[in-house]
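Starting from the known structure of chain A, arrange chain B with the ligand on it as the hints suggest.
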Amino acid sequence: MSTVDFLAPRTWEEALAAKAERRDALPIAGGTDVMVELNFDRRRPAALLDLTRIGELAEWGSDGSVLRIGAGVSYRRLIEELGGRLPGLAMAARTVGSAQIRNRGTVGGNLGSASPAGDAHPPLLAAAATVQVASVRGTRRVPVAEFFTGPKRSVLAPDELIEAILVPPAAGPQQFAKVGTRNAMVIAVCSFAISLDRERQAVGTGIGSAAPTPVRALAAEQLLAAARWDRPLPEPTVEKFGELVAAAASPIDDVRATAAYRRRALAVLARRTLRWAWEELR
Amino acid sequence: MKQLLQTRVTGGVGDSAARPDGALKVRGEFAFASDLWADRMLWGATLRSPHPHARILGIDITEALRVPGVHAVLTHEDVPGSKRYGLEIADQPVLAIDEVRYAGEPVAIVAADHPETARRAAARIAVSYQVLPPVTEAEDGQVLRHVPIRRGDPDATAELVVTGEYEVGMQDQAFLGPEAGLAVPAADGGVDLYLATQWLHADQRQVAACLGLPPALVRLTLAGVGGAFGAREDISMQVHACMLALRTGRPVKMVYGREESFLGHVHRHPAKLRYEHGATRDGRLVYVKARIMLDGGAYASSSAAVVANAATLGIGPYDVPNVVMDAYVAYTNNPPCGAMRGFGAVQACFAYESQMDKLAAAAGLDPVEVRIRNALREGARMPTGQVVDGPAPVAELLRRVQAAPPAPPRSDDPRLLPGGVGNTTHGEGVVRGVGYAIGIKNVCFSEGFDDYATARVRLELISGEPVAFVHTAAAEVGQGLVTVQAQVARTELGVERVVVATADTSVGSAGSSSASRQTYMTGGAVRAACAAVRQRLFARLARDPAGLWLAGGKVVSVDGVVADLAEVLGDDPIEETVEWRHRPTSPLDPHTGQGDAHVQYAFAAHRATVDVDVELGLVRVVEIATAQDVGKAVNPQAVVGQIHGGTAQGLGLAVMEEIQVVDGMVRNPSFTDYLIPTILDVPPMHVEVLELADPHAPYGLRGVGEPPAISSTPAVVAAIRAATGRPLTRVPVRPEHLIG
Ligand SMILES: Cc1cc2nc3c(=O)[nH]c(=O)nc-3n(C[C@H](O)[C@H](O)[C@H](O)COP(=O)(O)OP(=O)(O)OC[C@H]3O[C@@H](n4cnc5c(N)ncnc54)[C@H](O)[C@@H]3O)c2cc1C
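Residue numbers (the numbering used here), protein chains in the order written: chain A, 1 to 282; chain B, 1 to 740.
No lab work stands behind these hints: they were computed from the structure. No experiment lies behind these values; they were computed from the predicted model shown. Glycine included, every Cβ here is placed at the ideal spot set by N, Cα and C. Any given hint could turn out to be false.
Unchecked claim - Stretch-level coverage of chain B by chain A, calculated; a stretch enters the list once three of its residues show a Cβ under 8 angstroms from a Cβ in chain A:
#1 161-175
#2 381-387
#3 664-670
#4 725-737
As the list claims (entries may be wrong) - Just so you have them, the derived chain B footprint on chain A, three or more residues with Cβ under 8 angstroms:
#5 82-95
#6 178-185
#7 245-259
#8 262-272
Only chain B is shown next, with the shape it has when bound in the complex:
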C-alpha cells in the first residue's frame, strides 16, 4: 500500500530524465566559458617557459609595456598574496620565481585590449635564462610520496611465479573546451570570477590566498564547462585573470589556445611498474609483490593522492593473502601530472591485469577462470586490511562479459578493418583476438579527508504551484549533474518543477566533481536537504509526521491524501541548507599501509575483440562488451553514457593517446598528433548495468564515472596480445611494437 503511494515521480531518481544542455550542445548554442564577454573587457595572455629547467636571471618587461593597447604586464613580484598554490602542497608558483621547473611554466602575464596584442606583447618580454639540466626520469627525481603496503607474510613463496615490467605513457584528458574564465573587479575591492572548473571552493581558497584577499571577496561562478576528466582540478588561469583584473580595474578574459592547453593543465602520471605474482599450481594467488613509480612532474598537484590509489588498488579486485607493495611518485622536470579519470588505478590495472593473463597462461587456465578463482567478494579484505563491506560482484561481472554475444565476424568493408579509411588491407594479415580485464576503483575522497557536500533546497509556491529550488556549488562538467540534482529533488519532494541554480560560491562547498563522487556526495546532500525541508513541512501539520510522504504535489500517507502541498506552503517557503558527509575514512599507516582508507569500491569488467593487421601493426577494436555494477542507476541513460565514454578513453590509452615528452619537452601539443579515438576507432559496445545496492550510499548508488576507463585499456591490449602473441608491456601500443 505504502509502495503504491510512493509511485515514482516522472523525471525522478531512476528515470532517464533529459539533460537541459543536450539540445544546446548538439546545436552549437551552449555557452562555454570561452564564450564569456563583458563590456570594456581586456584579454590576458601568458608567457611560458621554453625550458624544462632553468634559472631566471632577469625579466625585462619594458618592451612589452610599450606595445600600444597593453594595460598591464605582471610577474611574480606583482602577486599580492601567497606566491605559491597547490591542491595538496602549495609548491607551485603563481608566476615563476627565479627558476622554471617545466617547459610551459607561466613566467609573466599580460592584459591588453585584444588577444593578439596581449600575445605579441608577451612575446616581447625579455627573460634571460640560465639553462639547467632537467631531471626527466622519475627514478632520478626527488620522491614526493612513498606508499608502502604490507599484508601477510612478505617472504611467502609459491609454485607458480610470473613477473613483468610495464610502462604507461602520459595520457591527456583532452577535454574539448580549453581553460577559460572572466575576472571582473568589484566595487568592494574583491573580484568576481566566472570560469570552467571542477571545484569552485578549492579554486576560491587558492585564488583568495594568492590575491591576499579574504575568501568572501573572491566570488566564483561556474561558466559552461567543456569536459574536465581531472584536468580542471588544479589552478590554471584563475589567479592570473584576477591579478590582471584587479590591477587594471577592468574585466579580464583568458582563454587558452589548444597548444597552450596541453601545457596549461596536469596530465595522467606516466608509470613504470614491476610486478611479481606467486600462485598455487591451480592458479590461486599466494602473494603479489609490486613496485610502482609514477612521474609526478614539476609540482605536487594531487600526486600524493594518486599514488595512494595506485598502491591501495594496485593488486586489483583480487583476494591476496600476502602483499608487498611500494608505490612512489617523484618530482621531475616533466609537465606536472595530477588528476585524470581513474586516478592511479588506471596505471596499476594495466600491469596487474597483464600479470593475470600471464598467470593464466602459466597455470594453463582460461583468463576469465583465473580471475574468478581469485575474485574479491563481499566480506573479503583489501591489502590495506579494509573489509569490503558492500557488494563486490567481481566474478559476476566477468561471467557476464564472457557470456555476452560474440563480436560480429570480420567485415567485408575495408573501412571496418584495421587501417580504417586508409585502405591498407582487404583482409590480408588480419588476425582476431579477444581479451578480458577487470578493474577496481575507490569512490569519493579517501585517507581520512573531511569530504562533504553542501546543498540548499527551497520549496516555494510559484503561481500557485510548488517549485523546488536547488542550489549547490557542484560543477556540472558534462556528466549530467544538474539533471541528477533535479531528479533527486523530484523524488524527495514529489514535485515536478525543479530549478537548479547556477553553481557558485554563495553556497557552501560541494567538493570536487571528481573521484566518481558527485552524484554520491551532492546527490546525497540534495537528498538530505530535501529531507530537512520535508521535516519542516510536516511539522506544519497538526499530526504525527510518521508515515507521511510527498507525492504529486501532495502530502500523503497510507490512508491517502493528507494535505495539498500548496496549502501547507502558503506564502511561507521553506529553505534548508545541509552539509552532508559520507562515512568517515581513516589514514593509511605510513609503514604498513593498513587502514580503512576508502569509502566505497566500484568494479567494471571489459571484454575486447580486436582485429589486428599483423604485418602493419594496425589495430581495429571490433567490439567491446562491458559490465559494471552501479548500485543504482540514478539516470540510466547518463550511466550508459559514462560507460561508453570511459571505455573509449581507456581504448585511447591502449592504442593511441600519448603526450610524447622528450628531454622535458612536449612534442605533440595539438590534436594533429595527440590522437584521440574517432567514431571509426570506437566500436559498438554491449553494456550490462548491474544494480546491487550499497547499503551505505544514497539510493544504494555507486560512482560510475571512472571504472569504465580503467579496465578497457588492459582488455584491448590483452586482445592484441591474443592476436599477435607479442608481450606488449607498454601502452599506448604503437604499430612498431606489433611488427619488427
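Extracted from the complex, chain A is given alone in its bound form:
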C-alpha cells in the first residue's frame, strides 16, 4: 500500500516552501473537488498540501481600490460578508452546490480546478478580477481572463499557489444566471455574468460552461459601451447583445446538453440579465 504524505503548513511562507519542495503535492482547501477526485480514483497524489490552517488565506480586506479575497474564503462568507460589494460574485456563489458545499468550497479552489463550469469564474471575468499567485520565486498578478488555458488547466506553475483574488467593488449593477437541468445542486449547463460600470459606461461579461475555458464576450461588451446609457436600451440592441454573447461561446454536446441548446440559452440569459441590470441603472 502506498501512502499519501499530508503536509499541513501553518503559514503562507511554509506553504510556499512546501510547494516548492514538493511540486507533486496537491493543494487542498475546502476539498469539495479534491475529495471527489480521490474518491473516484481519478487522482492519486503523492502528497496533499492542506491550506486550511493558514489563517490569512481565509481573510478578505481591501488592497487600495480593490477588494482582496483570500483564496480560502468560503462561498458562504462571500455571500454573507461581501454580497453588497460584489453582488455578481455573491449571486454566483448562491448557485453553488448545497449549503454544505458553500460552507466548505472556496473561490481559490474553484480557480484551482479551472473547470469551464466553475460558477465563480463568469462574475470574476465580468468584474475584470485579477488572480494573485505566489511561489518562493515571488508573486505575480494574472488577469482572470488570462488565467485559464484549457479545460481544467491554468497558468499556475507546479510550484505556485493561489494567494488571493483582487476584485474591484461593483461600480454598478451586476447579474448572474445559470442554467442547469434541475432547480438546485447542479453543474452549469451554461451561465452568464454581466457587470455594468456606471461611471465609465463600461461593461464586463463572463460566459461559463460553453467553451473550453470561461470566456468574455468582447464584441457584446463593445456593443453596449457604444450605447446610450441614459435611457432604456432599444430592443434591437438587446437582441444583438444576446446574439454576440452566443457567438462568443464555442460549446460542445455532452451529457448535460447539446451545443445548440447552450448557444440558444446563452442568448436568452444574456438578454435577460442585461435587462435586469439596465433596469437597475435607472
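Coordinates of chain B with the ligand only, in the frame set by chain A:
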C-alpha cells in the same frame, strides 16, 4: 357491543405507529449494510468489463496475486457450483465465461486486507479481450419474450383515430445505500451472509446453487437496507463475497462505490412504444392497438415478468372492447434491466396517457372527461379477459384530483420559478400548464406464480407481561414493514408489546419486498399466524371459542373479560408458523394473452401543475394533486410517505432521470450527472387517500408502493405539453426538447 370490545389497540392496524428506524436514520446512527464489520475481515473488489461486448481470450491474475495484502483472486473457473444464476432464467454468469455481454459485467474478484489494495490488485488483472460489435438497439436483439394480447375484433374500425410513438429512457432506482454485504465462513463448511437485499430466499437459492452447497449451509441475514426500488432483487455481490470468504477462510466485506453501483444493478427498461387508439366521435374507445419494445439488456433478470406487466396493463385503466397488444423484450449489450418500482406499467402508462390526451384533443373533450368516459369499473374486463372483481374507482380518483384546490399562483421568488436557484428568470417566458394522468398496477406476483409468505408468531409472558414475537424473512427496505408487522400483531393479539425479529433465512420465505406486495403478503401471513396462535390459546379455555377476542392483554367476549392472557399463557408460550398464500392466479394464454393473471389491481391519479420557461426549456413542477385507493391505510403516515416518494420518482423520470447509454457505455454513472429531484424540484403535494376495501385482501388493503410512481410521469409531461404546445413523445423531457 362486540364492536366496543374490539376498540382499536394503540399502534395497531390503522394507526400511524412510529417506525423504529426513523430517529436513527435522521440522526445518522442507523447501521446500513455498508457499516458491517468483523474481526480479521478482508475486503472484496470486482474487476468489470470495459466493453459492452467482447470475447475473453485470456485472464492473467499473476500480477494481482503478487500485490502484498492480496488473499485471493478468483475467476469463473473458481465458481464451485452453477456458473450462472438468474431470477427467472439462469443466464447470468457469476463471473464472465469466455465472453462479456455488457460494460460493467464482473470478470474477476479479489480479496485483500484493505479495500484500496483489493481495487489496485483488481486493476492488475490482465484480461485480453477481442472486442465485438455490440447490439445496442432492442429492435436488433434476440427476443427474450413476446406477450401478445387479443381481445375482441382485431379489425375493428373507429371514427376517430389517434396514433403516437413514444420513448422512455433508462431510469435508475438511485437508492442511496450501495450494494453491500459481509460473508462469514462457518465451521460447518457453510457461510453466513449479512446483506442488503429485497428477497433473502431468492438470494439463498441462487447463492447456494452457485456455491454448490445445500441451502441449509447458506444462511442469510438482512442488514440495514438503504432503499431498493427493485434494484436489489437480482444478485450483485452475494456470490462473490461468499466465494472469497470460503476461499480465504476469513470474513469478506464488499461494498460498491457509487459509480460501481450504477453498473452493479439492473435498471428500468428503456422502451419504445407505438399506439393507435380508435374511438367514437364522442370519445368512447373502440379499440387500442399497441406495440411495445423493451430493451432487456444483456441478461434476463425479471424481464419476462416486466414485459407481461407492460402487456397486460398496457392500455391502462380503461374499458376497451377490442385490443391488439404485442409487447416484446429483447436482449442487447446494454446494461441489464429488471425490476424497478412500477415494473413495466410505468413505460406503458406514459404512452397510453399521452394517447388519451391526444384523443381528448381530437374529440374536443376535456382530458379528464375523456378518461372518465372510458374508465374501468368494478365488474369490467381487462384485455386479458380478467374481471376486475374489487373496487376500481378510476372515475372517482380523476374527479378528486380535478376538484382539488388549484395550485398557488406564480411565485415572486425566483427560486420557485423554473431554473430555481440559477436565477434564470424573473417571470420572463414563464407559462403555466396543467396535466392529468391515471395509472393501473397489479399487486403481488402474477401468472400462476406460487406466491406465498411465511410468518412465525410466538406469544409469551415476559416478566409477567404478554409479548408477541414476530419472525419473518421479509425485507424492510425502508418502506416501514417492521412497523406494519408489529401493528398487525397488536391488532390480532391485543398486546402492546411486540418484538419483530431480524429477517433471516431461519424462517421460511416471505417472497420479495416488491410488486407492492409485502404488506399484503407478509401482513397477511403475520395475521394468519396470529390467528393460529389465538386458536391454540382459546383451546386452552374450557369453553366454546366462538365470539372470543383478544384485547388489552385479556381474552374477552361480548359479555366482558373472560380471562387474563397472562393466566392462560402461564409458562407455556404458544408459537405458530404459517405459510400464507393469496388467491391463485393463472398463466396467460401464449397466443391470446387471456387469463386471470393478476391478484389485485391498484389505481392512482395525478394532476400536475407546472411553470415552464418556454425560452430556456426549464421546468418547475409547482404542485401535484394525487388521489389513490389503498383499500385500507394500515399505517396512514407510511402510506402518504409512499405516495410522496413514488410521485417524486415519477417526476424524476418526467424531467431529469436518465442513465445515458451510448454504444453500450453508461455515460453518467454518478450523482453528478444522474440527477434526481431535490427539495426545490419536488413541489408541495395534495394527497387524497381512499379506503375502498378489497374483499379478497387482508384488512381490505391494496398495495401502495408502486401506483404513485406510475401516473405522475405522464401528468407532469401533459402539463408541460399544455404549457408549451410541444408533442413531447420522450421522457425524460430535456430542455432542448422544449426550445429549438
Ligand atoms: C456536491 C457538489 C456540488 C458542487 N456544485 C458546484 C457548483 O454548483 N458550482 C461550482 O462551480 N462548483 C461546484 N462544485 C465544485 C466545488 O465545490 C467548487 O469547485 C469549489 O469552489 C472548490 O473549492 P474547494 O475549496 O473545495 O477546493 P478543493 O477541492 O480543495 O480544491 C480544488 C482544486 O483547487 C486546487 N487548489 C485549492 N486551493 C488552492 C490554492 N490556494 N492554490 C492553488 N491551488 C488550489 C486544489 O489542488 C484542487 O485542484 C460542487 C462540488 C460538489 C462535491
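Hints, verified against the model:
A count of 0 residues in the segment 161-175 of chain B with a Cβ less than 8 angstroms from any Cβ of chain A is obtained; the coverage claim is therefore unmet, three being the minimum. For the segment 381-387 of chain B, the proposed coverage by chain A is not satisfied: 0 residues have a C-beta within less than 8 angstroms of a C-beta in that chain, short of the threshold of three. Counting residues of the segment 664-670 of chain B whose beta carbon lies closer than 8 angstroms to any beta carbon of chain A gives 3, which meets the minimum of three for the stated coverage. Residues of the segment 725-737 of chain B lying with their CB closer than 8 angstroms to a CB of chain A number 3, which satisfies the three-residue condition for coverage.
Taking a C-beta to C-beta cut-off of 8 angstroms, the segment 82-95 of chain A contributes 3 residues in contact with chain B, enough for the three needed, and the coverage statement holds. Under a criterion of three residues with beta carbons nearer than 8 angstroms to beta carbons of chain B, the stated coverage of the segment 178-185 of chain A is upheld, 8 such residues being counted. Three residues within the 8 angstroms Cβ limit are the bar, and the segment 245-259 of chain A against chain B gives 4, so the coverage statement holds. Coverage of the segment 262-272 of chain A by chain B holds. Counting CB-CB distances below 8 angstroms, 5 residues qualify, and the rule asks for three or more.
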